[in-house]
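Okay, here's what each chain looks like letter by letter:
Protein chains: 2
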Amino acid sequence: MGDYKKILLETHERIKPYVHRTPVMSSTAINNKVGAEIYFKCENFQKMGAFKMRGATNAILNLSKEDQQKGVVTHSSGNMAQAVSLGAKSLGIEAHIVMPSNAPQVKKDAVRGYGGRIQEVTPTIEARQAAADKIVLEKGSTFIHPSNNLDVILGQGTAAIELLEDHPDLNFICTPVGGGGLLAGSALAAFHFGNNCKTIGGEPMEADDAWRSLQSGKIEKNETANTVADGLRTHLGDINFLIIQRYVEEIIRVEENEIIAAMRLIWERMKIIIEPSCAVPLAAIIKDKEKFAGAQIGIILSGGNVDLSKLPF
Amino acid sequence: MGDYKKILLETHERIKPYVHRTPVMSSTAINNKVGAEIYFKCENFQKMGAFKMRGATNAILNLSKEDQQKGVVTHSSGNMAQAVSLGAKSLGIEAHIVMPSNAPQVKKDAVRGYGGRIQEVTPTIEARQAAADKIVLEKGSTFIHPSNNLDVILGQGTAAIELLEDHPDLNFICTPVGGGGLLAGSALAAFHFGNNCKTIGGEPMEADDAWRSLQSGKIEKNETANTVADGLRTHLGDINFLIIQRYVEEIIRVEENEIIAAMRLIWERMKIIIEPSCAVPLAAIIKDKEKFAGAQIGIILSGGNVDLSKLPF
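Sequence lines, in order, name chains U and F.
Residue numbers for the first sequence follow the numbering used here, so the first one is 61 and each next one is one higher.
Residue numbers for the second sequence follow the numbering used here, so the first one is 61 and each next one is one higher.
Hint data in this document are derived by calculation from the structure and do not stem from the laboratory.
Copies of the same chain are indistinguishable here, so a pair counts whether it falls within one copy or spans any two.
Computed cross-link-like contacts, DSS-like style, restricted to lysine-lysine with a CA-CA straight-line distance of at most 30 Å:
hint, residue 1, residue 2
1, Lys-347, Lys-370
2, Lys-93, Lys-347
3, Lys-370, Lys-168
4, Lys-65, Lys-351
5, Lys-149, Lys-130
6, Lys-370, Lys-93
7, Lys-168, Lys-281
8, Lys-349, Lys-168
9, Lys-93, Lys-168
10, Lys-76, Lys-93
11, Lys-168, Lys-347
12, Lys-125, Lys-66
13, Lys-349, Lys-149
From just these sequences and the hints, can you work out the full model?
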């Protein structure tokens, strides 16, 4: 592998003008409950409300001017759709977003609000990929995968760089794992910028493909993904898997009730709005709290885009 | 009146060790919608989740050591119950909290969590006052009114002092008005520390006693108070009224749907949890936005204690 410390620093400099440096918060009540010092990196306050803004921006900035002119494409019904739309808009280029026809109206509105051009397709992975491929062929636009893309992974890693700048002696950084972009990027950053800082993934038991992949040594698939953590229903990508195998200490799986309880704890005690996916790392730390007793732990709160009409409590 | 600039500064110094200096946040999306620059002082991140911690702490600190030993009393089913409990606990003294028997269990639990001793009474103003008077007589404890108390008012004013330290050129400071402590304290602070900064109150149309009192020149009562802004169902106090008459520019009244829409806007765009009462100032600014076009406006977000099972959206 290349000099990833240097590449990560360059990535951070590249995207800085386009993203917020988000605050780090902590809660005495939560620290007392867990018996550790937890520092929450608030990517729910990031532009468009999630860390995905970092990776999307980096991927777009890394294209040649010529390629930028031909636009970018992604397929997503979630945060990456908004991130690519806003990232492209910031640079004055076109974003084509392939979305399943059954995506919530509020998500379609958000993408349009950020200037993304939506193409609706039947809600299957195959239809989404086919529609995206067609735009790539016809317009010459560049496809940006929501997580399994090295530029995206490096961009996501910049949140952990900032967290380690603020708190250099963290013993652990913990993130959720869905496609694996945030976990892989954070693990690279923790390895290169931490002071013996280990990276931990939190994953819903109901969509535990990353945990099973680490066990078997090959990429496993989820048969179903009935988790409240809607951002983590995706599958682990192969680039992410390589990085996670090498740099991640452990993945801890949590039950649905543990995710909801951790989400509620953050809402009630910290007065901030986080997505269910965001609560998975805290749920994991609470579940194994003996292991983390007295430690300094950084948690990346990945996003705050939640449908207020459909809360799990 | 005395030298309130000096008294406010002393108040601020006195309570500093016991309260958080809360952050100020802003939102491009909300600024664009309103056509003004709004700075939100996040007292929802204050200890126990509301600005009331400031006033309660100041009132307790201003007691003689001898009086402190005899404890303090308040009657409240809301934030003041928690503020007096936590403020007293910080100083190692007893807090007696008279609460209506129908107060939500979650609020009783919060008060007990902060060490307050609850006495439950039938839910009438008379029963509450009688129970508080009895504790004052029997134990020699000092009664601390939730809003109509000069020490409380001065303590509440310290949030506006900090906001003006961070943003000295605000044209307006806007707060909700219920009992009037926050509005009166903020108006004193804006007058003494602002650069020609005017103070505006926001009040629910459904509990508009302060607006009507300003019109008639005498204290008016609410017949009913059917507002979602549960923190503002109380009546304006006479000390507050004197200060508000002299120092407040205007009270703007808003409808229930305007309060809920402003609350949702803050939740969705800023990803922070605020009480319905908190949303009243933004609703007021949006309602009269022509008047505030281009202005720099400070809004005190008063608190974040909300029952997540009973949201208005």
